Amino acid sequence: MADMILDNMYLILLIPFWIFLIIMLGRFFSVYVNKIVIYTLTLFASLSGALLSGLALFYNNNLILETQMPFIKINDFIISAGLHVDKTSLVFAFVLFVISFLIQIFSISYMKNEKKTYRFYALLNLFNFAMCGLFFSPNLFEAYVFWEIVGVVSYLLIGFEYFKKEKSIAAKKVFIINRIGDTALIGAIILCSYLMYSNSDNWGLTTLSFVDMNIISTLINAYASTPLFWGICLLFIAAAAVKSAQFPFYTWLQDAMEAKLPVSALLHSATMVVSGVFLIIRLYPMFSLDNGLLQLIAVLGLLTAFVCSVSACAQNHPKKVLAYSTSAQIGLMFFALGMGNIKAAIIFFIAHALIKSMLFLTLPKEGEKFDLVNFVLFLIGGLSLSGIIFSGMVAKEFMYLDLSLTLKVLFCLISFMTAFYIIRIALLLGVNKDKKIPFVPVILTVLNIVFYFIVRKLVKYEVSEPFWAALTAWICVYVLYIKDAFWKVPVLYPLAYNGFYLDKFYTQTMSTIYAKIADFSNLIDTKFFGNYNLLINSAKCGVKVSDWVENNVMNGAVRLTTGIAKMFSKLYLVAQNGNIQRYNAYAFIIITVIISCLIIGYVWLYLRYIGG
Amino acid sequence: MQEITIYNYLFLGLLLFVIGIVGSILSKHVIKVLISIEFILTGVNINFITFATFCDSVSFDGYLFTLFYVGIGAVELAVALYIFYLMYNKKQSENIENYGDL
Amino acid sequence: MNGIDTPIVFYPLCALTILFAVAAISFRNIFHSLLSAIMVFFLVGVLFYVLGSEYNAVIQIAVYGLAVPVILGLAIMFTNLKKDENKASSKLTFATLFTGGLFAIAVLSIIRFALGEVDFYGVNPISAMSAFGSGIFIKYVWAFELMSLILTIIVVGLSLFKKEGRCRK
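Residue numbers (this note's numbering), protein chains in the order written: chain A, 1 to 612; chain B, 1 to 102; chain C, 1 to 169.
Just chain A, same shape as in the assembly (with noise of 0.2 Å):
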């Protein structure tokens, strides 16, 4: 059974490419027009990749098991294409595949009234695939593939419905930024190949597998001076951060919540935005051989933790509140990477997606109330969230053991505001008596409950300041809410209500130098290449002489070539006469005699030297 299944591993990849090819073309060329069947297609794609992954997960036991098939081949040169498949990327897909399942499953009534709701289950299956094939690449250069389709599918569903305008804006918007990720990895892979190519004799290593990345990272900080293995690191740092919405580019994350409910709960705060931090788990061993380097990325984690909870304060729409929720928890899951602390990011991950998830399902519509089973779902995953119960708390306390001083203040205080926008978001929004019981978040806190009891007996955890902290906050809420105390704050609100501003600033600071370039090169123009004064007065003295000399010189020559030039043109006209046989018989003589004369010379030259 545990040979079958890892032995078919490969199938994990390709069911959700295969439902999306079926999906996708099926619909197109009309060979089914049934929803049903699609339903069936997509449930059945992303359930069997569950249980491929949970059992395998179940199975494999610290395996790493490699199957791969050269791709780019180049002499000895070769770039294989397979799967890498380990305990992390098993737990990642596995998330990635529950969720995934659970979503596609609210989104069947969610979705319901919309058109060409085929596209987007397609496009679902899709991500499905490329986080996949993300998670499960044997090397960067793969990785950088699925990277980049992750990428693009993010762009698609964001503008699922591209007829609205600011929706294709922001869907571009998300794509550009991430743009910015995507060159700062293929750069640092060209970086590295490039490192190892002209240094390391070993054509393996070459390109970049993970099973060898302790090897490769010892040899390119060897190979590499320290500002260059900086740069290197820093770029894949730049990629990690800009897809995981890090400090300097969370912006985009606020755009993509432009996207419909279930693709902002599935890939803007579960599963796609922890590439990033995929991608610092594959390349750990590259950033644990310098110490700043970890300290980099924990500072970063935690910055951007702290600026977007304290943005998350002052929002107040829900899902904004919750986008820059998604950025801090992440910036905290960056900040136990850059601690060392590989096992608390993945079990705060875990805890993460199945809760932010459910928090973005219990969303009510637009300038509607909460449900009560809503509301009441939606208070259990703040709690968690913030850290009081379940899986949130055991992977904050987790995180948190083994802190300095300093830092725990601030994951205290990170804490206390997690707890204070979850709850002051739930209560701005209100509730109404409505007592629907909604399926799939159910089954999401049921999973969190459950997930809770399995890490409770992993992990060794005490309950301390960010608890107290959390609580808090819930208790502060109240108070601040009620007398509206946070509004009076004069400077810290406008701040954190447009996000300490790094949206304008970018938007100012590039339109400003790219208007400075713009003006700059018209200056260019006008001042040096426009500046025709002083050819113009050259030109009039030249105009007197060129009088002359036209009238009296160049007349006579004019005619003269006129008149050749027709004697020409009449024979011209003959050889010209658009017949295609013409052509042909005129080719065909010329090359005759190109090969006669050529034989000649050849028959004179032989016989001038050798043979005479």
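Everything labelled a hint here was simulated from the structure, so no lab data went into it. Given the structure is predicted, the values throughout are model-derived calculations rather than measurements. Check the hints yourself; a few may be wrong.
Which bits of chain C does chain B cover? Going by a derived footprint, with three or more residues having C-beta under 8 Å, they are [stated by the list, open to error]: (1) 20–29; (2) 35–48; (3) 51–63; (4) 66–79; (5) 107–115; (6) 132–143.
With the C-beta cut set under 10 Å, the calculated list includes, among others, these residues of chain B facing chain A [as the list claims (entries may be wrong)]: (7) 21; (8) 24; (9) 26; (10) 28; (11) 33; (12) 56; (13) 93; (14) 96; (15) 99.
Built from N, CA and C at the ideal position, the CB exists for glycine as well.
Position chains B and C against the provided structure of chain A, taking the given hints into account.
Chains B and C in isolation, oriented as in the chain A frame:
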């Protein structure tokens, strides 16, 4: 009579080639031009097969290229005939001199 | 070489091929020239057999001897048969024939010169056949597939063009 050597076959191929070229230049009927072009291809094919037979006893690439040539020739003929069909509908003439305007 | 490329087989074959080829381009009636072209293709097919390449002979006869003339005949049938074709100008005729002769002589001399010292092998038919198979399915498999793809594209493209033409009318 002397034995048949490679030269005889090559000469035959060459003659067919030249006949094809001369025919394609001189004949005025479009179909005739096409037939002449097929002669050219046939001449080339004879060369291929001759060389494959006489000089290459290992891989016989010439046979394969002849096969490809036949396929390409058929394709070319199909396209040419379709062009002819269109031009004939337009001009009501099969004389190639009337097809001069580009 | 099957052992049947004796002068008694070869020279008549050669003479007939050339004769029919010349006839094909010099007949006034297009149908007559088509018939002689068919003869030329058949004779070349026989020549391929004599040279030892049975497979090519079959293909030559099937494609050029049968399929192509049928299409050409169909094309001829919907044109106006009665109209007499006007001849090419005598200057061009002379120039082309002269150049053709010159070309033939030149190439022949090149062949003579180039192949003077080459050793020739005989053909083992069985190895030729296996080489053929391996060539199609291993060595030139992409070229082979590409050719089939081109054929398919042509068929699809022509049918599409035809549809479009109908729409325009």
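We went through each hint and held it up to the structure:
Chain B is given as covering the stretch 20–29 of chain C, and this holds because 4 residues of the stretch bring a CB closer than 8 Å to a CB of that chain, at least three being needed. Given a C-beta distance limit of less than 8 Å, the hint that chain B covers the stretch 35–48 of chain C holds, as 6 residues qualify and 3 suffice. With a threshold of 8 Å between beta carbons, the proposed coverage of the stretch 51–63 of chain C by chain B holds, since 8 of its residues qualify and at least three are required. Closer than 8 Å: that is the beta-carbon criterion, and the stretch 66–79 of chain C has 8 residues meeting it against chain B, so the requirement of 3 holds.
With a cut-off of 8 Å between beta carbons, the stretch 107–115 of chain C has 5 residues touching chain B; three or more are needed, and the interface restraint holds. Coverage of a stretch by a chain is defined here by at least three residues with a beta carbon nearer than 8 Å to that chain's beta carbons; for the stretch 132–143 of chain C and chain B the count is 6, and the condition holds. For residue 21 of chain B, the shortest C-beta to C-beta distance to chain A is roughly 6 Å, which falls under 10 Å, so the interface hint holds. Taking 10 Å as the C-beta contact cut-off toward chain A, the hint placing residue 24 of chain B at the interface holds, the least distance being around 6 Å.
Hint on residue 26 of chain B holds. Least Cβ distance to chain A is approximately 8 Å, under the 10 Å limit. Against a cut-off of 10 Å between C-beta atoms, the interface hint on residue 28 of chain B holds, since the closest Cβ of chain A lies about 8 Å away. Nearest Cβ of chain A to the Cβ of residue 33 of chain B: about 8 Å, under the 10 Å cut. The hint holds. For residue 56 of chain B, the suggested interface contact is broken, since its CB lies about 25 Å from the closest CB of chain A, more than 10 Å.
Because the beta carbon of residue 93 of chain B sits about 14 Å from the nearest beta carbon in chain A, more than 10 Å, this interface hint is broken. Interface restraint check: residue 96 of chain B against chain A, minimum CB-CB distance 6 Å, threshold 10 Å, status holds. Among the interface hints, the one on residue 99 of chain B holds; its C-beta lies about 7 Å from the nearest C-beta in chain A, closer than the 10 Å criterion.
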